[in-house]
Amino acid sequence: MRHIFSVWIFIGLATAVWAESIKVASLSTVLSDIARNVGGDRVEVREIIKPGSDPHLYEPTPGDIKKISNVQIVLANGLGFEPYLDKLRSSVEKSGVTFVVAGSAVKPIACMEVDHHDHSHADNATDPHWWHSIANVEAVTLQVRDAFIAADPAGRTEFEANAKAFEDKLKSLSKWVRLELAALPKSKRILVTSHDALGYFAKDYGFEILPVQGISTSDQPSSQKVRHLIQEIKDRQVKAIFAENIENPKVLRQITIESGANLGGTLYADGLGSGDAGTYLGMMRSNVTTIVGALQ
Amino acid sequence: MRLVILICFLAIAGIPVYLITRSRPLLVQSSGELPAKKIVPYEITLTASTPAHLALAAVGQKPVESSPSAESLIATYSMDASKPEDLVVKARFVSPQKNAALRIQVQASGKMLKDATLWGSESIEDVISIP
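Protein chains in written order, with my numbering: chain A, 1 to 296; chain B, 1 to 131.
It is possible that some hints are incorrect.
[Claimed, not checked] With a Cα cut of at most 27 Å, we get these calculated BS3-like pairs of lysine-lysine:
1) A:Lys188 - A:Lys175
2) B:Lys38 - B:Lys114
3) A:Lys188 - B:Lys37
4) A:Lys188 - B:Lys38
5) A:Lys203 - B:Lys114
6) A:Lys203 - B:Lys111
7) B:Lys114 - A:Lys175
8) A:Lys239 - B:Lys83
9) A:Lys203 - B:Lys37
10) A:Lys203 - A:Lys234
11) B:Lys90 - A:Lys188
12) A:Lys50 - A:Lys107
13) A:Lys203 - A:Lys164
14) B:Lys38 - B:Lys83
15) A:Lys171 - A:Lys203
16) A:Lys188 - B:Lys83
17) A:Lys169 - A:Lys203
[Said to hold, decoys possible] Partial pick of chain A residues on the chain B-facing surface, computed with a CB cut under 8 Å:
18) Lys175
19) Arg178
20) Leu179
21) Ala182
22) Ala183
23) Pro185
24) Lys186
25) Ser187
Keep in mind that the hints were calculated from the coordinates and are not lab data.
Using N, Cα and C, we set each Cβ at its ideal position, and we do this for glycine too.
Please build the complete structure, drawing on both the sequences and the hints.
Here it is in structure tokens:
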């Protein structure tokens, strides 16, 4: 009888603790990872965008909207990455959900100039792939920390300690990336990628990006652009081009055949992958290792 | 006579048609011709707050080390002025301290291009980019 009573007490306590955790919905796998690192056990993260899915093509379903209505915080990229964001906000605003938008915490950069014959986008559009700059991820870590403290003031000490620990890991990562890339001559720092997602990485580490597609995976390159790209790869003796975990268009294979460049490996552009690349730290290490290995 | 006039007319009419439809040599814009490199000597000075084993390296350059330990190391690397390579700097302090420092200064043509200080205790290793 005593044992049954103890079990019920335990279940009651466990339920109480679980019930107190902040419920967070995340529209980004990177933000999910940041939330878990900062929130620890005090946060329950519900991934709306899952690893391996193409966030450029995602539209919220009624089921997703219902899930989002039942949380306290929604984490979003902003900077135009989620064209449905304003509509989503108005759908759930009566539920009292707080939106934390990473775009307001980061230093945005403009998209590359792209041939407007390929696709249409607003002039001076912002590159929404902010997470490829470690400095931006540090800023968003603090933003998420502050949002969690506001939602759960009792967890302040824990959130601050967790955020500091994650920041220390980001600083170590940043140093590791610099040391790895130092072995790659500046003349070889040319990234031919599926779409223009690595602008922040390129800016931080002195790379030039030659994308096949534009800023979104739904942009399609013209045959003229592909021909120019093939010629540029040949002229500049680019050793490798890179596919992405979300999409590996046939046109990339055409480019490798006609230019003589190798397919350098998979880069994680629009979010996290699986396995070792299932965390932000792992994803960045994977990308840098792939880039240095292919271009050196 | 009519035949002659007809032939002359067709010849005259044919001239603009020929001019429009003739094939022209393709203008190939070669982006492959890279501008000539301007090689410039960069003077790099490492200064440690306490004696340390100092080392400096860059892609395509001979690594330089202080042996034995020293408080400073000076080297000159000749590099492409448009894209100078990143410098990898290391210091392993002989007597570890709480706030040991390593100052890195990079000059070219009499101008100070970079003046940075790194902090550590037992050792320091990092990358310095030259603007």
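Outcome of the hint check:
Our distance criterion of 27 Å between C-alpha atoms is met by Lys188 of chain A and Lys175 of chain A, whose separation comes to about 20 Å. Of the pairs offered as hints, the one joining Lys38 of chain B and Lys114 of chain B holds, with about 19 Å between alpha carbons and a cut-off of 27 Å not exceeded. For the hint linking Lys188 of chain A to Lys37 of chain B, the alpha-carbon distance of about 15 Å falls within 27 Å, and the restraint holds. As the CA atoms of Lys188 of chain A and Lys38 of chain B are separated by approximately 18 Å, the hinted pair is consistent with the 27 Å bound.
A C-alpha spacing of about 19 Å is found between Lys203 of chain A and Lys114 of chain B, which places the hinted pair at or below 27 Å, so the restraint holds. Straight-line distance between C-alpha atoms of Lys203 of chain A and Lys111 of chain B comes to about 25 Å, which keeps the hinted pair within the 27 Å bound. Pair hint Lys114 of chain B plus Lys175 of chain A holds up; C-alpha atoms about 18 Å apart against a cutoff of 27 Å. Note on Lys239 of chain A and Lys83 of chain B: the hinted pairing holds, with a Cα-Cα distance of about 19 Å set against a maximum of 27 Å.
Of the supplied pair hints, the one linking Lys203 of chain A and Lys37 of chain B holds, its CA atoms being roughly 22 Å apart against a limit of 27 Å. Between Lys203 of chain A and Lys234 of chain A the CA atoms are separated by roughly 24 Å; this keeps the pair inside 27 Å, and the hint holds. At roughly 24 Å between alpha-carbon atoms, Lys90 of chain B and Lys188 of chain A fall within 27 Å of each other, so this suggested pair holds. Straight-line distance between C-alpha atoms of Lys50 of chain A and Lys107 of chain A comes to about 25 Å, which keeps the hinted pair within the 27 Å bound.
Pair hint Lys203 of chain A plus Lys164 of chain A holds up; C-alpha atoms about 26 Å apart against a cutoff of 27 Å. A distance of roughly 10 Å separates the Cα atoms of Lys38 of chain B and Lys83 of chain B; the hinted pair therefore holds under the 27 Å criterion. The suggested pairing of Lys171 of chain A with Lys203 of chain A holds, with an alpha-carbon distance near 18 Å, which does not exceed 27 Å. For the hint pairing Lys188 of chain A with Lys83 of chain B, the CA-to-CA distance comes to about 11 Å; that is within 27 Å, so the pair holds.
Among the hinted pairs, Lys169 of chain A with Lys203 of chain A is consistent with the structure: their alpha-carbon atoms are about 21 Å apart, no more than 27 Å. Interface hint at Lys175 of chain A: satisfied, since its Cβ lies 6 Å from the closest Cβ of chain B, which is below the 8 Å cut-off. With a cut of 8 Å, the hint placing Arg178 of chain A at the interface with chain B holds, because the nearest CB-to-CB distance is about 4 Å. Because the closest C-beta pair between Leu179 of chain A and chain B is about 6 Å apart, less than 8 Å, the hint holds.
Given hint, Ala182 of chain A at the interface with chain B, holds; its Cβ is 5 Å from that chain's nearest Cβ, closer than 8 Å. The beta carbon of Ala183 of chain A is positioned within 8 Å of a beta carbon in chain B (closest approach about 6 Å), and the interface hint is therefore held. Because the beta carbon of Pro185 of chain A sits about 5 Å from the nearest beta carbon in chain B, less than 8 Å, this interface hint is met. Using the Cβ-Cβ criterion of 8 Å, the hint placing Lys186 of chain A at the interface with chain B is satisfied: the shortest such distance is roughly 4 Å.
Interface restraint check: Ser187 of chain A against chain B, minimum CB-CB distance 6 Å, threshold 8 Å, status holds.
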